[in-house]
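**Q** If you want the building blocks of each chain, they are given just below.
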Amino acid sequence: MNVHVPILKLGEVLIVTVQAALTDAQLIDLRTELADRVGRFRSKGVVLDVSLLDVLDSFASRTLSDIAKVARLRGARAIIVGIQPEAAFAMVQLGLTLEGIDTAVDLDEAMEILGSSQVRGRG
Amino acid sequence: MSVTDPNTAPQTLRDHPGMKDFFSTYEQRVETLNAGLMVTVGRLPSLDALVRRMTPEALAENNRLSMDNMRKAIVHGDWAPLLERQRSDGATYAAMGIPFREWFDLVAAFQSSLIPFLVADYGGKDAVRLGHALTAMNAYVNAAMNNIAEEYLKTKERIIAQQQHAIHELSTPVLKLRDRLLLVPLVGILDTQRARQMTEQLLSAIRDNRAKVVVIDITGVPAVDSKVANHLFQTAAAARLMGAQAVITGLSADVAQALVALGIDVGRLTTIGDLQGGLEEAQRMLGYRVVAVEA
Chain A
92 MNVHVPILKL GEVLIVTVQA ALTDAQLIDL RTELADRVGR FRSKGVVLDV SLLDVLDSFA
152 SRTLSDIAKV ARLRGARAII VGIQPEAAFA MVQLGLTLEG IDTAVDLDEA MEILGSSQVR
212 GRG
Chain B
50 MSVTDPNTAP QTLRDHPGMK DFFSTYEQRV ETLNAGLMVT VGRLPSLDAL VRRMTPEALA
110 ENNRLSMDNM RKAIVHGDWA PLLERQRSDG ATYAAMGIPF REWFDLVAAF QSSLIPFLVA
170 DYGGKDAVRL GHALTAMNAY VNAAMNNIAE EYLKTKERII AQQQHAIHEL STPVLKLRDR
230 LLLVPLVGIL DTQRARQMTE QLLSAIRDNR AKVVVIDITG VPAVDSKVAN HLFQTAAAAR
290 LMGAQAVITG LSADVAQALV ALGIDVGRLT TIGDLQGGLE EAQRMLGYRV VAVEA
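Residue numbers (my numbering), protein chains in the order written: chain A, 92 to 214; chain B, 50 to 344.
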């Protein structure tokens, strides 16, 4: 499958950095690919970094939250990181608040959250 | 007559039948006229102060330059430098705070001292020519005043815009209290524009400081209605999208009752009674524990 977004595997975490605005078809490809890889690598976490995007439309927002839900069903906790101020403001105006989806300010923060939840999981 | 647009305005001045006569009389008597105008300037405090700060050479140079521009415009038909200079002068004088009224006084003095010369030059021979020269003078002066006035207005509007900007900046500071903890103390009425601006500033600050918790204190907001509550919901939701949690503090007893009476569901917001409680909660969320130092 040809996905234009690199999916990096770091230990038990998959890291996706969205480099440019994706078409709807590319977003769906990404969802499918991630759903597959979470199972294949038995990943515990997925981090979606959107800090390079200055706009997230309704389809992208919904797909991101779908990806997070799919990942959760496959056993991984998904965190969306780096939503830019302008994008956040526009999304809220459109009523796209990603209810129930974890967010973090950057990758560091997301790794910290995933790390601590793993520790809790083991303990 | 509108004569301020450099592309179209000079047409009316350029085609004016009396313009060259007006200028020729003015050019011949310029020394006498300028001397008379200096007496008028002496009675106008701001202009007088301005002229006193200039050296005689600078003043002479200034007069020579405006004469040159006038000649270029009226004799050679090139109005651009004259109009440009009137605009930049207008902007400079407005920024210096010279009252616009003084320009009217100066121009009135100019006109009343020039009219006798125009009458002397053309009055005896040709009444039509005199009429043209007089209307040319009026047209010229009106155009100049128009240009200067426009610059005055623009300058004042710019100052007002700057001040509004400054007031808005002052009114919504975003303060960093601890690593990853921001505080926004809101004071005054939260209208849509301010709410939007507060949200934008807060979101940028969240990114720049990697904030995890933001405390929005509304003790100083006099009235909270459904609109303001909605602004707060949106701000909290946008902060959450960026990975920070918003804590709203300072809901007074009146505000709390009003919100409940209005049927607004504040359950979606994390609210804590006062700023102290909010900060304690925020620090707890960040993993801080504040303990008194043993005396």
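To be clear, the hints were calculated from the coordinates, so they are not data collected in a lab. These numbers come from a predicted model, not from an experiment. Any given hint could turn out to be false.
According to the in silico footprint, chain B covers these stretches of chain A (three or more CB under 8 Å from chain B) [unchecked claim]:
hint : segment
1    : 158-166
2    : 193-199
Derived contacts from chain A toward chain B, CB cut-off under 7 Å, selection only [unchecked claim]:
hint : residue
3    : 150
4    : 174
5    : 176
6    : 179
Here a beta-carbon is modelled for each residue, glycine too, at the ideal position from N, C-alpha and C.
**Q** All hints, please: hold or fail.
**A** Status of each hint after checking the structure:
Given a C-beta distance limit of less than 8 Å, the hint that chain B covers the segment 158-166 of chain A is violated, as 0 residues qualify and 3 are needed. Remark: the segment 193-199 of chain A is confirmed as covered by chain B, as 5 of its residues place a Cβ nearer than 8 Å to a Cβ of that chain, reaching the required three. The restraint placing residue 150 of chain A at the interface with chain B is violated, with a minimum CB-CB distance near 16 Å, outside the 7 Å limit. At its closest, the beta carbon of residue 174 of chain A sits 5 Å from a beta carbon of chain B; the interface hint therefore holds under the 7 Å criterion.
Evaluation of the residue 176 of chain A hint against chain B yields a held restraint, the C-beta minimum of about 3 Å falling below 7 Å. For the restraint placing residue 179 of chain A at the interface with chain B, the shortest Cβ-Cβ distance is roughly 4 Å, inside the 7 Å limit, so the hint holds.
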